[in-house]
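Following the hints, position chain F against chain A.
Each chain, written out:
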Amino acid sequence: EDQVTQSPEALRLQEGESSSLNCSYTVSGLRGLFWYRQDPGKGPEFLFTLYSAGEEKEKERLKATLTKKESFLHITAPKPEDSATYLCAVQAGGNEKLTFGTGTRLTIIP
Amino acid sequence: GAVVSQHPSRVICKSGTSVKIECRSLDFQATTMFWYRQFPKQSLMLMATSNEGSKATYEQGVEKDKFLINHASLTLSTLTVTSAHPEDSSFYICSARAGAGEKLFFGSGTQLSVL
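Protein sequences, first through last, are from chains A and F.
With this note's numbering, letter number 76 in the first sequence gets 76, and the count goes up by one each step, no holes.
With this note's numbering, letter number 68 in the second sequence gets 68, and the count goes up by one each step, no holes.
For reference, chain F alone in the conformation it holds in the complex:
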């Protein structure tokens, strides 16, 4: 099946720093990528949807200036958590698909811990 690579798998940072997470589709061109956040024992919550070459669409309650999403190419999307705080500590997961109606494939996730 299709492979979505997410990096890093784990990051620990100090409060106030920014963290960038990369999501790559390795064997297909991803027209749409999605970013989710998951707290322990909770459901995946969609943060934003990004289409290549256009601005991301953020879900209600997600601060677009805090969670910067860039989908500059058909194989790469990045999520930057700016000025991270302990409450931003969570498991962040990206997903990608080749086109509308196509299967959604998930990355392996990034565990962010903000001290």
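Same shape as in the complex, but just chain A:
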């Protein structure tokens, strides 16, 4: 069974304080690992897809990296508007469904 574990559950940072969110996974044949941002009462907003170990993708203050066992979402010099829940999901080969983690609730304090 595919499993996704995200840590920490919640993270509070001062504005400008860089950090990383972790997503550990076990899946039979990774087809893709996805990062989403979810604001309260809203649907997830797509951020990145990573397909193979060693791959990295960046968007503004966010950078996602992937190894064979985990992915990191690095946030550099965050701003209050980066406050949200960040979700990680995996898709196994030959399977259409995404398996989500429970997310990391990130709060950036001005």
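Pairs of lysine-lysine residues, derived as PhoX-like cross-links and limited to a Cα-Cα distance of at most 20 Å, are as follows:
| # | chain 1 | residue 1 | chain 2 | residue 2 |
| --- | --- | --- | --- | --- |
| 1 | F | K103 | A | K59 |
| 2 | F | K55 | F | K66 |
| 3 | A | K42 | F | K20 |
A short, non-exhaustive set of chain F residues, derived as facing chain A with CB atoms under 7 Å:
| # | residue |
| --- | --- |
| 4 | S43 |
| 5 | L44 |
| 6 | L46 |
| 7 | I93 |
| 8 | K103 |
| 9 | F106 |
| 10 | G107 |
| 11 | S108 |
| 12 | G109 |
Hints were generated in silico from the structure; no laboratory data involved.
Each residue gets a CB set at the ideal place from its N, CA and C atoms; glycine is no exception.
What follows is chain F alone, placed relative to chain A:
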């Protein structure tokens, strides 16, 4: 990016009534749509996968007679919660993609509260 519209955003109903939630892909044809349920501080749990013109595939433990899914066109899928009960209160989210391997886009969700 692609837009998926979900309606209504919030619904409050009495126990025993049925509620219909619509999910539309506004600027692309969605061959596959997915319905998720999310309880507070929990992960999104896939309920069912629907392909246009065919019956939905339900995940284990999801009652297909209670959660009716219709994907009648390439731009519209509906989820009907029949005879809703308080335990059905949750945040329901749809998602859609244009084809296999394409990005998955999510609707804004529907908060269902059953009294």
